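Kindly produce the complete structure, drawing on both the sequences and the hints.
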Amino acid sequence: MRLYLRTYQFPSLLGVCVALLVCGGCYTLAWNPAKDGPRQVGATDGNQPIGAAELDELTRAFADRYVGLLYSACDALKKDNPDPVQRREAQVLMVDCATNIYDIASNADAFTRMLDLVVVATLVSQVWIDDDRGAEVFAGREELLIRALHHGRVEAWALAAQVLRPDQIDLLDYLLWDWRRHNPDMVRASFVRFSNFAIGRGKSANAELLAAGGFYANVGRQGQAVDEARLLTERMFYMLKREPTLLRWQVDTLKEDIFNALDDRMKQADATVANVRATVSEVNAVVTSLGQTSNSLNAMLKTADGLIARYDSVDRKSSRPFDIREYTEALKELAVTAGKMNDLLKSSNELLGSSEWDRRIQQVSQSADERMKMAAEQSQRVVYEAFWRVYAVIGILFAMFILCLVAVFLVIRRLRIVAGNASDAGRKKVSK
Amino acid sequence: MTQLHLMMVIALVCAVVVGCSSPPVTNGRGARDQVADKVDIARLGTEGDANGTRILSDALPPYEPVVGLTGKITSIGASTTTNLVAHLAVDFRRMYSDVTLQVTASPISIGPAALLEGRADIVPMSRPLAPEEVQSFTNKYGYPPTEIKVAADALAIYVDKKNPVPGLTLEQLDGIFSQTQHQGGSSIETWGQVGLTGEWAGLPITLYGYGPEDAAHLIFRQQVLHDEPFRLSLRVEGGGSSIVQGVAAHPGAIGFASIFFNCKGVRVVPLAGADGGFYAPTEQNIRNRSYPLCRAHYIYVNKPPRQPLGGPAAEFLRFLLSREGQQIVAAGGNIPLDAATAEQGRRTLAE
Chain A
1098 MRLYLRTYQF PSLLGVCVAL LVCGGCYTLA WNPAKDGPRQ VGATDGNQPI GAAELDELTR
1158 AFADRYVGLL YSACDALKKD NPDPVQRREA QVLMVDCATN IYDIASNADA FTRMLDLVVV
1218 ATLVSQVWID DDRGAEVFAG REELLIRALH HGRVEAWALA AQVLRPDQID LLDYLLWDWR
1278 RHNPDMVRAS FVRFSNFAIG RGKSANAELL AAGGFYANVG RQGQAVDEAR LLTERMFYML
1338 KREPTLLRWQ VDTLKEDIFN ALDDRMKQAD ATVANVRATV SEVNAVVTSL GQTSNSLNAM
1398 LKTADGLIAR YDSVDRKSSR PFDIREYTEA LKELAVTAGK MNDLLKSSNE LLGSSEWDRR
1458 IQQVSQSADE RMKMAAEQSQ RVVYEAFWRV YAVIGILFAM FILCLVAVFL VIRRLRIVAG
1518 NASDAGRKKV SK
Chain B
573 MTQLHLMMVI ALVCAVVVGC SSPPVTNGRG ARDQVADKVD IARLGTEGDA NGTRILSDAL
633 PPYEPVVGLT GKITSIGAST TTNLVAHLAV DFRRMYSDVT LQVTASPISI GPAALLEGRA
693 DIVPMSRPLA PEEVQSFTNK YGYPPTEIKV AADALAIYVD KKNPVPGLTL EQLDGIFSQT
753 QHQGGSSIET WGQVGLTGEW AGLPITLYGY GPEDAAHLIF RQQVLHDEPF RLSLRVEGGG
813 SSIVQGVAAH PGAIGFASIF FNCKGVRVVP LAGADGGFYA PTEQNIRNRS YPLCRAHYIY
873 VNKPPRQPLG GPAAEFLRFL LSREGQQIVA AGGNIPLDAA TAEQGRRTLA E
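Protein chains in written order, with our numbering: chain A, 1098 to 1529; chain B, 573 to 923.
No wet-lab data here; the hints were simulated from the structure.
Predicted model only: the values in this text are computed from it and were never measured.
Hints are supplied without guarantee of correctness; some may be wrong.
[Stated by the list, open to error] Derived lysine-lysine pairs resembling BS3-like cross-links, with alpha carbons at most 27 Å apart:
id : chain 1 : residue 1 : chain 2 : residue 2
1  : B       : K734      : B       : K644
2  : B       : K836      : A       : K1175
3  : B       : K644      : B       : K712
4  : A       : K1175     : A       : K1364
5  : A       : K1175     : B       : K734
6  : B       : K644      : B       : K721
7  : A       : K1175     : B       : K733
8  : A       : K1364     : A       : K1352
9  : A       : K1429     : A       : K1175
[What the hints assert, rightly or not] Over 10 Å on every C-beta distance to chain A, these chain B residues come out as not near it, computed from the model:
id : residue
10 : S651
11 : E761
12 : G810
13 : S814
14 : R878
15 : P880
16 : T920
[Unchecked claim] Just so you have them, the derived chain A footprint on chain B, three or more residues with Cβ under 8 Å:
id : region
17 : 781–794
18 : 827–840
Glycine is no exception: its CB is placed at the ideal position from the N, C-alpha and C atoms.
Now the structure itself:
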C-alpha cells in the first residue's frame, strides 16, 4: 500500500492539479463579466454593454499605451538631436504627459478617468498638431511625434465610443474645441481635466448634459458600488509600479536641465575665452607693431653697425704713401676762400650801416602797404558784385514763380467760364 | 555786413521754398480738409473689413427684455446646433431667472420625434427636416413645423497645410469621395489627377469625414455625391476636430467638416461656384452663397399658422435673432445671419 502510494501518489496529485487548473481556466474563459456580472454599465459599438471593471482595464491599458507611444516619439526626437531646446521640449512633453496620464489612470472613477484621458489626449494633440506647435518647435523632425499623438487621440476616442453615444461624442468634441478656442495660449495642456470645462462654463447646459446623460450616471453609481478598498489597493499598486519610471524620467529632465545650465556656463566661458583671445590678438598686434619699430631700430643700428664696420674695414695698409705737396695745395685754396669771405662780410657791413639802406627799406615798405590796400579794395568789390548777382537771380526766380501762379489761375478761370457757358447752352437746349 | 547779406539770402531762400511746397488752393478748400477726409475714409474702410460681423450685428434690432417672464423651455436636438443654443442659454438665464431652460443634445433623429410628441418646445437641427419627418408632423397637427434659421455655416474642404491644390470643383470632389462618380467625372485617387505635380503627383488621397448619422455626412452626400454612397475607404471620425486633425496628421489627406473647425495645421480649399469662379468659405461668400457647400442651423417649433408664437420659447428665439443673440452666435465661432434672414425669422414668429 505504501509502495502503491509512493508509486502513484505524486502522479495522481499532479493529475488532479492539472485537471483543476484546466477546469478553472475553462471557466474563467467562459465567464463574461459584461454578460454575467452585475455591473453592466456601458455600451460598445455593437451595443454590447461593458462593465466598470472592463472600463477600468481599458483606461489603464490605454494609459500605458499612450505613454509608451509618447516615450518612443520623444526618445526619437531627443536621439542625436544637437539642439538642447528641442531635447528639453521633448523631455518635458514626455514627463508632463506621463505624469498626468498616470495620475488620471489612478483616479477612483472609471468614467471620469476615461473622460480625462480623452481630454488630455485631444488637447495635447491639438496643441502639437492643429496649432502647428510641432513644426514650430521641432522644425522638420516633428513627423513621428505628430503620428504618435494622433494615434493616441484616435485610440482615446475609440475608447470613448465604447461608453458614450455618438451625440455625446459630438458634444464632447465641441466642448474641447470650444475650450481650446478660448484658451489658445495653454501649451501645457496635459494638466487640463474634464472638470475644468464645467467650472469654466459656469455649470453650462453642455456640462450638465454630459454629466447627467447617457451612460455616465450608471457608470458613476456602479463605480461607487464596487469595493472601495480593492480599488484603492489596485490604484496604489498601479501607481507604485509606474512611479520608478516616472521618477527616472524626472531625473532625466533634471539632468537635461543641469546639462543645459552647464551648456550656458560653457557658452559664457567660451565667450570669456573669445574675449581673452581677442585681447591676446590685440596684444599680438601691438607686439607686431613694436616688432616693426624694433626692426627699424635694428635696421638703423645695423646701418650704423655697417658704417662702423665699413669704417673699421678700411684697409689702411693698402692706402697711398703720405705726400706733403697735397696738403700745401689744399692750404693755399683755403686761404683764398677765406679772403673772399672776408671781403663779402666787409661790404655787407658797409651797406647795412649806410643811410641809403634805410631810405630804400622805407621805399619798399610804402610800396608794399599800397599794394596790400589796393588788393583789399579789389576783393571787397568782387564780393559785393557776387552778392548783388545772387540777389538778382533769386528775385528773377521769385518773379517767375508768381507769374506762373497768376498764369495758372487765369487759365483755370478761363476754363471755368468756358465750361459754365457750355452747361448754360446745354440747359437752354433742354429747356427749349 | 557779410553776415547781414548771408541772413538775407537764407531768408529769401526759405520764403521761396515754403511758397513752392504749399499746394495751390483749389475748390476753396485747404490741405487740412483734404487730409481729414482721407483719414475718415481710411478708418471707415478698415472697420468695414475687419469687423464686418459687428457692423452686420448693428444692422439688427437690439433685444428688449420683457417683464415677468416665467415658464420652462425644453430643447432637444442635434448636438452641433444645441452647442449654439447652450451658449445663448447662459445669457438668457441671466435675464430671466424664473425661466427654466432644459437643453438636451441627442442623435439628430430624436429632435423631430420629440417635437412630434410634444416633449420639446424647440428643436435645434443642423439640417432641414426630412420630407417624411415633416409629413409625420403634418399628419398629426394638420400643419407643418415652423422652421427658423438661426446661424449660417459651411462645409469646408480641408487638406494638409502644405498641399498646393489651388481649388476643386464639385465634380472633382465627387471623383474623390464617391464610389460611383455620379457627376460624370473620373475616379480620382491621387493628387496628380487633380493637377498637382512633383512629389504630390503620386501621393494617394486619404479621405476623412463624418459617419452616416451626422447631418454633415447627409448634406455632403446630397450636394456633392448626388445621394450616391461614399467610398469605403472613407475614414469616419466622431467629430469635426478629429476630422481636421486626421487631415493635419496625414499629408495626402482630404476631409470635410464645418468651417468652425478651421485651424493652423490645415488649409481650406476654395471650391468652384455656380459661375465657375473659385470661392473660399469666407463669411461673405457663405452669406451670399457664392461658396457652394453652405448650410444653416435651424430651430423648429410647433406653431399653428396665423398664431404668433408665445411664451418663453418665443422670447428665447427673439433673443437669438436679435443683435445681442447674433453677437453671441459670432462669439461662439459660428457665422451670424444676415439682417434680412433674421428679420424674416422674427416675422415668422410674429405671424
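Status of each hint after checking the structure:
In summary, the hint linking K734/B to K644/B is not supported, as the alpha carbons are separated by about 50 Å, beyond the 27 Å threshold. Note on K836/B and K1175/A: the hinted pairing holds, with a Cα-Cα distance of about 25 Å set against a maximum of 27 Å. Between K644/B and K712/B, the direct Cα distance comes to roughly 24 Å. Compliance with the 27 Å bound is thereby established for this hinted pair. Distance hint between K1175/A and K1364/A is fulfilled; the C-alpha atoms sit about 21 Å from each other, no more than 27 Å.
Proximity of K1175/A to K734/B is assessed by CA-CA distance (about 26 Å); at most 27 Å being required, the pair is judged to hold. About 22 Å separates the Cα atoms of K644/B and K721/B, which keeps this hinted pair within 27 Å; it holds. The hinted pair formed by K1175/A and K733/B meets the criterion: a straight-line CA distance of about 26 Å does not exceed 27 Å. For the given pair, K1364/A sits about 18 Å from K1352/A by alpha-carbon distance, which is consistent with the 27 Å threshold.
Only pairs whose Cα atoms come within 27 Å are accepted, and K1429/A paired with K1175/A is rejected, the gap being roughly 105 Å. Listed as a non-interface residue, S651/B fails to keep its Cβ farther than 10 Å from every Cβ of chain A; the least gap is roughly 4 Å. The Cβ of E761/B sits about 22 Å from the closest Cβ of chain A, beyond the 10 Å cut-off, so the non-interface label holds. The claim that G810/B is not at the interface with chain A is violated, since a C-beta of that chain comes within 10 Å of its own (minimum 4 Å).
Distance to chain A contradicts S814/B as a non-interface residue, since its nearest Cβ pair spans about 6 Å, not more than 10 Å. No beta-carbon of chain A is positioned within 10 Å of the beta-carbon of R878/B; the least distance is around 33 Å. No Cβ of chain A approaches the Cβ of P880/B within 10 Å, the least distance being about 26 Å, so the stated non-interface status holds. Residue placement check: T920/B keeps its beta carbon more than 10 Å from all beta carbons of chain A (closest about 25 Å).
Counting residues of the region 781–794 of chain B whose beta carbon lies closer than 8 Å to any beta carbon of chain A gives 3, which reaches the threshold of three, so the coverage claim holds. Here the region 827–840 of chain B counts 6 residues with a CB under 8 Å from a CB of chain A, which clears the bar of 3, and the coverage holds.
The structure does not agree with the numbered hints 1, 9, 10, 12 and 13 stated previously, though it agrees with the rest.
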